[in-house]
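Asker: Okay, here's what each chain looks like letter by letter:
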Amino acid sequence: MTSLEPNPATGIGNTPADIDSVGQSVVASLKDIRKTYYMGALAVEVLHGISLDFYEGEYVSIMGPSGCGKSTLMNILGCLDKPTEGTYYLGGEDTSEMDDDELSTIRGARLGFIFQSYNLIQQLNVLENIEMPLFYQGYSEQDCHEIAMGLVERVGLDDRIDHKPFELSGGQQQRVAIARALAVDPLIILADEPTGNLDTKSGAEILDLFDELNQQGKTLIMITHSDELAERSPRWVRMLDGKVESDDRRNS
Amino acid sequence: MTDAILEPTVQPRRRPDRSKVRVGNRLVRFKKITQVGIKSIYSHGLRSLLTVLGIVIGVAAVIAMLAVSEGASFEAQQQFRDLGANNILLKSVKPAEVEESSNRGFGPPQAIVYGLTLADVETIRNSIPGISNVIASRIVKKNVWHLGRSMNTDVVGTAVDYPTSRNYNLRSGRFFSETEMRDHANVVVLSDEVANALFPIDNPLGLSIKIDSDYYNVIGIMESEGFSNLGQNQAGSSNAAPSRIYIPFTSSKSRFGETTTRQTAGGMERETVQLHEAIIQVDNQESVIEVGEIIEQILARRHKDIDYAIEIPLALLRQAEESALRDQIVAGAIAGISLLVGGIGIMNIMLASVTERTREIGIRRALGAKKRDIITQFLIEAVILSAVGGVIGVVLGIAIPFVISAFWGMTTIVTPVAPLLAFSISALIGVVFGIYPSMRAADMDPVEALRHE
Chain R
1 MTSLEPNPAT GIGNTPADID SVGQSVVASL KDIRKTYYMG ALAVEVLHGI SLDFYEGEYV
61 SIMGPSGCGK STLMNILGCL DKPTEGTYYL GGEDTSEMDD DELSTIRGAR LGFIFQSYNL
121 IQQLNVLENI EMPLFYQGYS EQDCHEIAMG LVERVGLDDR IDHKPFELSG GQQQRVAIAR
181 ALAVDPLIIL ADEPTGNLDT KSGAEILDLF DELNQQGKTL IMITHSDELA ERSPRWVRML
241 DGKVESDDRR NS
Chain D
1001 MTDAILEPTV QPRRRPDRSK VRVGNRLVRF KKITQVGIKS IYSHGLRSLL TVLGIVIGVA
1061 AVIAMLAVSE GASFEAQQQF RDLGANNILL KSVKPAEVEE SSNRGFGPPQ AIVYGLTLAD
1121 VETIRNSIPG ISNVIASRIV KKNVWHLGRS MNTDVVGTAV DYPTSRNYNL RSGRFFSETE
1181 MRDHANVVVL SDEVANALFP IDNPLGLSIK IDSDYYNVIG IMESEGFSNL GQNQAGSSNA
1241 APSRIYIPFT SSKSRFGETT TRQTAGGMER ETVQLHEAII QVDNQESVIE VGEIIEQILA
1301 RRHKDIDYAI EIPLALLRQA EESALRDQIV AGAIAGISLL VGGIGIMNIM LASVTERTRE
1361 IGIRRALGAK KRDIITQFLI EAVILSAVGG VIGVVLGIAI PFVISAFWGM TTIVTPVAPL
1421 LAFSISALIG VVFGIYPSMR AADMDPVEAL RHE
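Residue numbers (this note's numbering), protein chains in the order written: chain R, 1 to 252; chain D, 1001 to 1453.
There could be a bad hint or two in this list.
[Said to hold, decoys possible] Pairs of lysine to aspartate or glutamate, DMTMM-like flavour, derived with a Cα cap of 20 Å:
#1 Lys1370/D - Asp100/R
#2 Lys1039/D - Glu167/R
#3 Lys164/R - Glu1356/D
#4 Lys1031/D - Glu141/R
#5 Lys1032/D - Glu146/R
#6 Lys1370/D - Glu167/R
#7 Lys1039/D - Asp162/R
#8 Lys1371/D - Asp81/R
#9 Lys1032/D - Glu141/R
#10 Lys1142/D - Asp1214/D
#11 Lys243/R - Glu45/R
#12 Lys1371/D - Asp1443/D
#13 Lys82/R - Glu1178/D
#14 Lys1370/D - Asp101/R
#15 Lys82/R - Glu97/R
#16 Lys1370/D - Asp99/R
#17 Lys1031/D - Asp1373/D
#18 Lys82/R - Glu93/R
#19 Lys1371/D - Asp99/R
#20 Lys1370/D - Glu1448/D
#21 Lys1253/D - Glu1178/D
#22 Lys1039/D - Glu141/R
#23 Lys1371/D - Glu97/R
#24 Lys1031/D - Asp99/R
#25 Lys1032/D - Asp143/R
#26 Lys82/R - Asp1445/D
#27 Lys1370/D - Asp81/R
#28 Lys1371/D - Glu102/R
#29 Lys1371/D - Asp101/R
#30 Lys1032/D - Asp162/R
#31 Lys1370/D - Glu102/R
#32 Lys1031/D - Asp143/R
#33 Lys1370/D - Asp162/R
#34 Lys1142/D - Asp1161/D
[What the hints assert, rightly or not] Away from chain R, derived, C-beta distances all over 10 Å, residues of chain D:
#35 Leu1049
#36 Pro1095
#37 Val1113
#38 Val1121
#39 Asn1203
#40 Ala1324
I should point out that these hints are in silico values taken from the structure, not numbers from a laboratory. For clarity, every value in this text was computed on a predicted model and none was experimentally measured. Where a beta carbon is used, it is the ideal one built from N, C-alpha and C, also for glycine.
One chain only, chain R, in its complex shape:
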């Protein structure tokens, strides 16, 4: 999906610099990202200078063996963690200079998270779980309800709105998590091993849902350790030892 229309809400496309040669606008841009963890006196650099651009409407898989730094990259992309060095632009905003409150706001407003272990709040029912990010963004009660109702229908769980997460199957819980990730209409949906805890059939359903979301123009970044899953997506980034090893696109 290409859009040259300036979008005042996202800040994308407002300046020519945001638009690359292909004509797509950049939603997230990593420039020479390094991340070092300190364990006492020992400093361990996990990411050794990662530069990647993600475009609006893209479906990207990031893959690599465990320990390659993809989870750390995911945390940085999700604004849950800050890089030690380098800059990360999200929707035209430089996140490196943001304080905790601003990072919280940008997480809530611009990103949607989908986790391997669903991470739904057990005390809340399906609808309330989906409403939660909206609530933190300050939507009115009525808006929260309307949006959540629309989403719960969209992921096919409209007969389960009163159920608590533990009353649902894994596949159903992950659908709730997807609905929750879509609630604020984020710039990017970040999925961390979304099918890791699911059986093949439920996993395939979730991936179908991802394809569908991508076709509707959503930007998706999925972390996986499986080549098979990664190659389903139009673009896949392979990581090894804290570096980008390859960045391939399927010609369509």
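Once you've looked at the hints, dock chain D against the given chain R.
Answerer: Using the frame of chain R, we list chain D on its own:
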């Protein structure tokens, strides 16, 4: 199901103007956070109950203890107030040395002379300004008869304004008059106890009783004295009965004389006492204690032995008030400690709750919750816990004194300040002991929190 998903449902883009939304919906956020708090309290029913219990006990203890000590101090003060806050009581006391000397030697026993005299009273009345009245009394122990019934009682020869000076009221009839006083009349006013003992059926008014060989006409009956005879036992003869009857001072003097004879284990004992008791009324309550000191000096100069006692109800009242205050402070401190323990209980539970919900905190942070959203959430939970405990505690704390009063007959007074104070302290405890766990929750690293099992 997949078909339904594949159907493209276009989501309207709904991005509210943030600057407006944040302020406008603060109330909604607060309501939501409160709902979440209540939910999580509910979902840990037993644990929450035990936490609340600490506060309930603390608050109830504060209110109940204050009510009991307030009641006790009120009762004590009432007793002294009954003696008259403007009064100074003087009493004749048999000195110890005189008692010994009287037992020495043979022959008919000598009459012991001791105690207050009319001259003492006159001196006091004349030399100290601000004394409005002096009511002197003689107290003689006698057997009192009506038909076949008899009773050993104190016969008090006193002045006409005795009842008003001591806040006693007549139940029926009247006290004797100035005329009867002048005439040394044989009239008597009975105490409630004596009236009941001698006249179990009849109304004694208009009937007569016999003391020694004389008949006295009953003209009035006093109200039950209750606590008011405090300190009177040492007056007059030993082991005085609380029951008293009253005759004019002049009658007592002329019928019984100043010397009384008593049968004791060792033989006869004679004593001469002019006055057994005197009530000195002072105009101004502020000078009562001062006047008391002057009287003490005067009596010390006039008497060789300490054969008198001075009792100042106001001074005793002050003492009672002081000790009541001390009791209240002690009671308050003990109850305060239990509130503190309740607060520590809340902190303990909140800390456990924060640890247990680390993952939830991580999820909320990932979905856009700021640190202060997390602080608010946990703080509201702590305040709800302590406020619920506070309300139950206030209800219990008001109910307990009623039960104590009903079953043990103790006076309890719940002042409006006590529940208010206890409740505000409990709410404050919720905030104070909730802050640290809430900060801990908010300061968690979102990445770590999400990884927490």
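Asker: Would you mind marking each hint as holding or not holding in the structure?
Answerer: Each hint tested on the structure:
Between Lys1370/D and Asp100/R the CA atoms are separated by roughly 8 Å; this keeps the pair inside 20 Å, and the hint holds. In summary, the hint linking Lys1039/D to Glu167/R is supported, as the alpha carbons are separated by about 18 Å, within the 20 Å threshold. A C-alpha spacing of about 19 Å is found between Lys164/R and Glu1356/D, which places the hinted pair at or below 20 Å, so the restraint holds. The suggested pairing of Lys1031/D with Glu141/R holds, with an alpha-carbon distance near 10 Å, which does not exceed 20 Å.
For the suggested pair Lys1032/D and Glu146/R, the alpha carbons sit about 16 Å apart, so the restraint of at most 20 Å is met. Of the pairs offered as hints, the one joining Lys1370/D and Glu167/R is violated, with about 29 Å between alpha carbons and a cut-off of 20 Å exceeded. In summary, the hint linking Lys1039/D to Asp162/R is supported, as the alpha carbons are separated by about 14 Å, within the 20 Å threshold. Restraint check: the Cα-Cα separation between Lys1371/D and Asp81/R comes to about 15 Å, which is no more than 20 Å; the hinted pair holds.
Between Lys1032/D and Glu141/R the CA atoms are separated by roughly 9 Å; this keeps the pair inside 20 Å, and the hint holds. The hinted pair formed by Lys1142/D and Asp1214/D meets the criterion: a straight-line CA distance of about 12 Å does not exceed 20 Å. At most 20 Å may separate the alpha-carbon atoms for a hinted pair to count; Lys243/R and Glu45/R meet this at roughly 11 Å. Distance restraint check for Lys1371/D and Asp1443/D: the Cα-Cα separation of roughly 7 Å lies within the 20 Å cut-off, and the hinted pair is therefore satisfied.
Straight-line distance between C-alpha atoms of Lys82/R and Glu1178/D comes to about 103 Å, which puts the hinted pair past the 20 Å bound. Proximity of Lys1370/D to Asp101/R is assessed by CA-CA distance (about 6 Å); at most 20 Å being required, the pair is judged to hold. Annotation: proposed proximity of Lys82/R to Glu97/R holds, straight-line Cα distance about 9 Å (limit 20 Å). Annotation: proposed proximity of Lys1370/D to Asp99/R holds, straight-line Cα distance about 11 Å (limit 20 Å).
Annotation: proposed proximity of Lys1031/D to Asp1373/D holds, straight-line Cα distance about 12 Å (limit 20 Å). Restraint check: the Cα-Cα separation between Lys82/R and Glu93/R comes to about 14 Å, which is no more than 20 Å; the hinted pair holds. At most 20 Å may separate the alpha-carbon atoms for a hinted pair to count; Lys1371/D and Asp99/R meet this at roughly 11 Å. For a cut-off of 20 Å, the pair hint linking Lys1370/D to Glu1448/D stands: about 16 Å separates their Cα positions.
Using a Cα cut-off of 20 Å, the hinted pair Lys1253/D and Glu1178/D holds, with the two alpha carbons roughly 16 Å apart. Proposed proximity of Lys1039/D and Glu141/R is supported: the alpha carbons are some 18 Å apart, at most 20 Å. Restraint check: the Cα-Cα separation between Lys1371/D and Glu97/R comes to about 18 Å, which is no more than 20 Å; the hinted pair holds. A threshold of 20 Å between alpha carbons decides the hint, and for Lys1031/D with Asp99/R the separation of about 27 Å lies outside it, so the pair is violated.
Simply put, Lys1032/D and Asp143/R have alpha-carbon atoms about 14 Å apart, close enough for the 20 Å limit, and the pair holds. Restraint check for Lys82/R and Asp1445/D: satisfied, since their Cα atoms lie roughly 11 Å apart, inside the 20 Å limit. Only pairs whose Cα atoms come within 20 Å are accepted, and Lys1370/D paired with Asp81/R is accepted, the gap being roughly 14 Å. Distance hint between Lys1371/D and Glu102/R is fulfilled; the C-alpha atoms sit about 11 Å from each other, no more than 20 Å.
Between Lys1371/D and Asp101/R the alpha-carbon distance is near 7 Å, which keeps this suggested pair within the 20 Å criterion. A threshold of 20 Å between alpha carbons decides the hint, and for Lys1032/D with Asp162/R the separation of about 17 Å falls inside it, so the pair holds. Among the hinted pairs, Lys1370/D with Glu102/R is consistent with the structure: their alpha-carbon atoms are about 9 Å apart, no more than 20 Å. Annotation: proposed proximity of Lys1031/D to Asp143/R holds, straight-line Cα distance about 16 Å (limit 20 Å).
The straight-line distance between the Cα atoms of Lys1370/D and Asp162/R is roughly 27 Å, outside the 20 Å bound, and the hint therefore fails. As the CA atoms of Lys1142/D and Asp1161/D are separated by approximately 23 Å, the hinted pair breaks the 20 Å bound. Every CB of chain R lies more than 10 Å from the CB of Leu1049/D, the least distance being 17 Å, so the non-interface label holds. Look at Pro1095/D: its CB is around 83 Å from the nearest CB on chain R, clear of 10 Å, so calling it non-interface holds up.
Against chain R, the non-interface label of Val1113/D holds: every CB pair exceeds 10 Å, the least being about 91 Å. Distance check on Val1121/D: its Cβ is at least 84 Å (rounded) from any Cβ of chain R, clearing the 10 Å threshold; non-interface status holds. Under the 10 Å C-beta cut-off, the non-interface status given to Asn1203/D relative to chain R holds; the minimum distance is some 77 Å. With a least beta-carbon separation of about 50 Å from chain R, Ala1324/D lies farther than 10 Å from that chain, consistent with its non-interface assignment.
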